[in-house]
Amino acid sequence: MSPDGTTKALHGTAAARSTAVRRPAAALRRLGRHRWAYAFIAPFFILFTIFLLYPILFSFWLSFHEWSGLGAMAFAGGGNYGRVANDGIFWNSMRNAVIIFFLYVPAMTFLAIVFAALLSTGYVRLQGAWRALIFLPYVTNMVAVGFTFQLMFDSRVGIVNGALALLGLGPVPWLDEPMWARLTLGLLMIWAWVGYNTVIMLAGIQSIPREIFEAAKVDGAGPVQILWRITIPLLKPVIIFSVTLSVIGTFNMFTEPFILTQGGPIRATETPVMQIFQHTFQNLRFGYAAAISYVFLAVIIFVTLVQFRILSRGENR
Amino acid sequence: MRASVLRALVAVGAFAMLIAACTPSPEAAIEPAEDPEELEGELTVWAWEGAVEPLQEIDDAFSEEYPNIELNYEVQPPADTYQNLQLAITAGSGAPDVALIEDSHLSQFVALGALADLTDLVEPYLDRMNSYKWDAAERDGRYFAMPWDSGPVAVFYRRDVFEQAGVDPDAIATWDDYYDAALTIKETVGVPMWQQSRAHNDARKFEMLMWQRGLGYIDEEGNVILDTEPGIEEILEYMGRFWDDDLAADTEPWTDGWYSEMNEGEVATVPGAVWMGTFLKSFIAPETEGLWGVFLLPVWEPGDAQASNDGGSALAIPEQSEQQEAAWAYIEFHLGRDDSQVRMYEVSDIFPALEDAYEDPFFAEPDPYFDGQEVRSLFAELVQEVPTAGVYNPDYAEMNEIMAVEIQRFATGRQSAAEALSNAAEEIRARTGRS
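Here the protein sequences line up with chains A and B, keeping their order. For the first sequence, the positions run 0 to 316 when numbering that gives the first Met the number 0 is used. For the second sequence, the positions run 0 to 434 when numbering that gives the first Met the number 0 is used.
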């Protein structure tokens, strides 16, 4: 062994030992160097931990107990989850969410595309006014909207039936019969959310290169053909995004059915979040409500994944 | 031992003592104050509109006797009151010193253990209030609230409709008579006998009819009896006949259409509690003074009780309150004294549960709204006959919600009365763990 090799070997181990001691110190120094960055993002993480992370973990823990909000929690094992599986009323609310989804989301999405297409052509005057008008319902308070729709669609004294009567059409049981009530709720949702989705579609359309539309016009395509053959296919990723939001939004519906129909008639417009609310604040069964919310979460994750698979097929070749 | 360990132990010990000092010791029983002037502080009282005004009527006299107690009212509807009370109880703070709670929801709060034990304080009043009022406030022999008002039930009817149809209300003795009268009135005047919504039924009239027979959702042991008591099925079938024969007005309760039917004489009778009369006078049909009368509930069999109950409320002291002596002084003054209860009744028509109050001459006065009928003494006699029934209980809200939906299904022809009751019973048993 050459004298250099020995020395190098000795230096190597000594160097290795001192690096090991220095690593945590180096990390601390890096922390110190970026301390202002950490300080600025800390408030978000502190609030996130307290108000989101802790409740999420606590309610998971809670779902295995029975608790009335006061006093001790009683361990229940998987009992709550077993009861959820058999809870006909809860699964009815899930079914309602699916039915209401198909009642209004296709129509609303299509309407949003049409509005966005109209707004992005040169045909329509007063673009700003129309955009404001279409978007305005989205920023209105949902509680006020719910009460107003309830008055408007009252089968006896509401103005909708009043207007229909002028046209000679019979009174419609807007809020008195299960399927009609779901439809009325759907109408409310369309009115409230079409603006939001129009904005999304508008952004999507504006990202389509102008040349494509010009080429189509040169080839003699009319506006409807352009919409159907060019705009909508090219909007596919945006549509998927909008529909995903609509799925999650529909399952999460609470304010609108709570105010408009209180879940009735005969549980036709009861949604899963309304069930969670009822079990927590009226029946005081916090553990059961927590179990429902986790089952609900699992279902939504599953549905969203399935949806991605179906709608994205052929998207990435 | 090492200095650092010793320091840690001392720190922990000091911390523990600090915690112990801050944790309030279990409340000793409330001692009524010897000297009214001694009690001081600010009381927060939660009540709803319609109840706050009569309470405040008594406040002047209260402040004379207890000059150092200040009162602060927070007005909110009953549903909000219960929600906020639950939140405050769960959070450990924010509860008022005095809370107004309806009997229907009282047992839930009593079962939670959230209210102060008032047993020794209410003992002198146990015989002086309507006896059935204590059921909701009681648990294991201890009492946790002081009754305020009762909801004895009778039938309010439109004199003009009955006259036009040629029906004599005094001739209605049984529920069969009531049904026959309904047919007559429908034929002659074309007006339905009562309001009974189909798709928006709230099960309140059904509960009233059960209570009249001493029946309810549960029996004394807490077992569900909806599908085992033939009397209950009889009630639901009876209600069904009115829907089948178009003798019921299908209007959602507490809506403008519902109010206007009563106002315009588009319904012949309104079976309801004494407070329904108050609502008729004040905001539903104030211009129809003199057109109304009252007759007692018909019976199923001769000799049955003609009394039932719907509603009623009590004042309670949340356990969290730091001023329980002052809170009790407030409750005792407003609800325990004849003149307070009578005064509140005079200004608001909230019917006192305090039986001594019925001796006041105010009760014997004829009421012009009911065409001079002595309605107050009628209800005063009636309220003392109300049977005990298993309608209000800690799970009432849930049971009422389940039953209402099953009645809605029955009323819209989706199932039979027997199915409605057995579905409701099964669901209630599963949800509340009863048998």
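Hints listed in this document are in silico derivations from the structure and should not be mistaken for laboratory results. Certain hints may be false.
[To be verified] Chain A is faced by these chain B residues, among others (derived, beta-carbon under 8 Å):
#1 N83
#2 Q85
#3 L111
#4 A113
#5 H199
#6 D255
#7 G256
Cβ atoms here follow ideal geometry from the backbone N, Cα and C, with glycine treated the same way.
Verification of the supplied hints:
no.	hint	result
1	N83	violated, 10 Å
2	Q85	holds, 6 Å
3	L111	holds, 5 Å
4	A113	holds, 6 Å
5	H199	holds, 6 Å
6	D255	holds, 6 Å
7	G256	holds, 4 Å
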